[in-house]
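The task is to assemble the complex, starting from two chains supplied on their own in separate frames and drawing on the hints.
Here the protein sequences come in this chain order: P and C.
The opening residue of the first sequence carries number 0 in numbering that gives the first Met the number 0; numbering runs sequentially from there.
The opening residue of the second sequence carries number 0 in numbering that gives the first Met the number 0; numbering runs sequentially from there.
It should be emphasised that the hints constitute simulated quantities derived from the structure, not laboratory data.
Between beta-carbon pairs, the in silico distance windows are:
1) E29/C - I63/P: 22 to 32 Å
2) Y148/P - T43/C: 23 to 33 Å
3) L60/C - L38/P: 56 to 66 Å
4) S144/P - E27/C: 22 to 32 Å
5) R12/P - K38/C: 52 to 62 Å
6) Q30/C - N13/P: 44 to 54 Å
7) E22/C - G26/P: 32 to 42 Å
8) G74/P - I6/C: 15 to 25 Å
Quantities reported herein were computed from a predicted structural model and do not represent experimental measurements.
Think of the CB as a built atom: it goes at the ideal place given N, C-alpha and C, for glycine as much as any other residue.
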Amino acid sequence: MATNLETKIGRIRNNVTAALAKIAEKGVTVPEGAGSDDLEGLIDAIKGIKILDVGSVTPTADTIASNYGIAHGLGATPDFFILIASGHFTNGEYQHYVKYSSSFKCSYEAGVQSYKVHRVYGYGDTNGLTSSNGTAFNISDAFDSNKFYLKLPPYVKLKAGITYCWAVGVIDTLE
Amino acid sequence: MRYYKQIENDYLLSIGTGSGHEEITAEEYEQILNTIRSKPTAETGYDYRLKTDLTWELYELPPAEEVEQEATMEDYAAALHNMGVEV
Chain P
0 MATNLETKIG RIRNNVTAAL AKIAEKGVTV PEGAGSDDLE GLIDAIKGIK ILDVGSVTPT
60 ADTIASNYGI AHGLGATPDF FILIASGHFT NGEYQHYVKY SSSFKCSYEA GVQSYKVHRV
120 YGYGDTNGLT SSNGTAFNIS DAFDSNKFYL KLPPYVKLKA GITYCWAVGV IDTLE
Chain C
0 MRYYKQIEND YLLSIGTGSG HEEITAEEYE QILNTIRSKP TAETGYDYRL KTDLTWELYE
60 LPPAEEVEQE ATMEDYAAAL HNMGVEV
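Bound conformation, chain C alone (with noise of 0.2 Å):
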């Protein structure tokens, strides 16, 4: 089996197996994986993001942006339910 790491701008931002990106050995992929599921929690407004390093780095999130997100199957029976159709 074929691990990889990808970096960008000195940073991880994920390991995997199968094509693309560096490979690495399975050892320093379970070493990653134990540093990734090790994370510390950030308060609000901030996350921490891996340095190739495998020291984490607090930073602020930008703003979150409003998103609309789209209609579930719930949403569509509640719909019809408020027009008087039954599903």
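Okay, chain P solo, but in the shape it has when bound (with noise of 0.2 Å):
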């Protein structure tokens, strides 16, 4: 009869199997013999968008969007931000999905830090989403190392009362 002690190192052991075997699926190479010792590097090693930080807020009036710096706990310049606003502009046509992206490898602009404004906009419940790429511009004017800034045409504002959510990260070329 097992004792309580092996039951539990056996749970710990199917545990780091099934954690390599989700590594694995994330299309990181797990080395023949990888145990626990090697769960930290292989996480590391896992390519794609990660989200370092995320947050959430709530204006107490309608605010001019392009005016706002959210701060974001990063301590750098991310690759990325994400803030969700599900049709909560004062432009009550827009369901705005606004999207930072890096210029990846392939980029055209290869060498300077562009990025773009990705809006995709759903006009009421008729019509599907379409996307628009905005107008490339630096990283320099969206992001500083402690707040971000939606770039937004002016007449755009953030609602009282609404509460915005976002998030920001880095993402590892899948090449």
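Right, dumping it as structure tokens:
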């Protein structure tokens, strides 16, 4: 009959095996015989989007979006920022998902830190979503190490009392 | 979770979760949130702003500026249609 300690050790071993399998599903090559000591390094090797900070903001009054700086806690400039607005801008036609994405290695602006605003528009319940790529702008105009700024037209405002959720992070190219 | 309030010149501009500004408790966050969502409705040309004591102050809005709105996808489609171009 297995002792309590043997049961716990067995559970830990199974958890490590399951974690290594999940890491392999993410595209990381897991060496034969990898164990719990290898988990940290293997997790760091997972490519893709990594969300580093999340938050929310609720204005007390309608606020011009382009004037609004939202604090993030990274202490460094991130690769992307997403604000979920879901129709809650004062320009009622838009359901805005504003994303700042880095230009990947295949960018025609190689060597230049350029970022684009990708906006998804929804018009009520009758039309599907359409997307529009904004004009590229320099990252220094939208981010600093402590805040990001919404690059939206001046007539667009955040609404009083609406809670906007956001996330920032980094992107590893999948090459 | 970290809660905060943003104050400028004795007025509350926003509350939120995450980094920055003055940290507050979850209870204070909920209290302020309920106050924000109970904002009174002002007549045209006026608005209310929230003071740090959680009372609303009525003030007159500055004249609205004429701002040219950017064209939408439907504007472009309509313009092309008028030119005889089918989209």
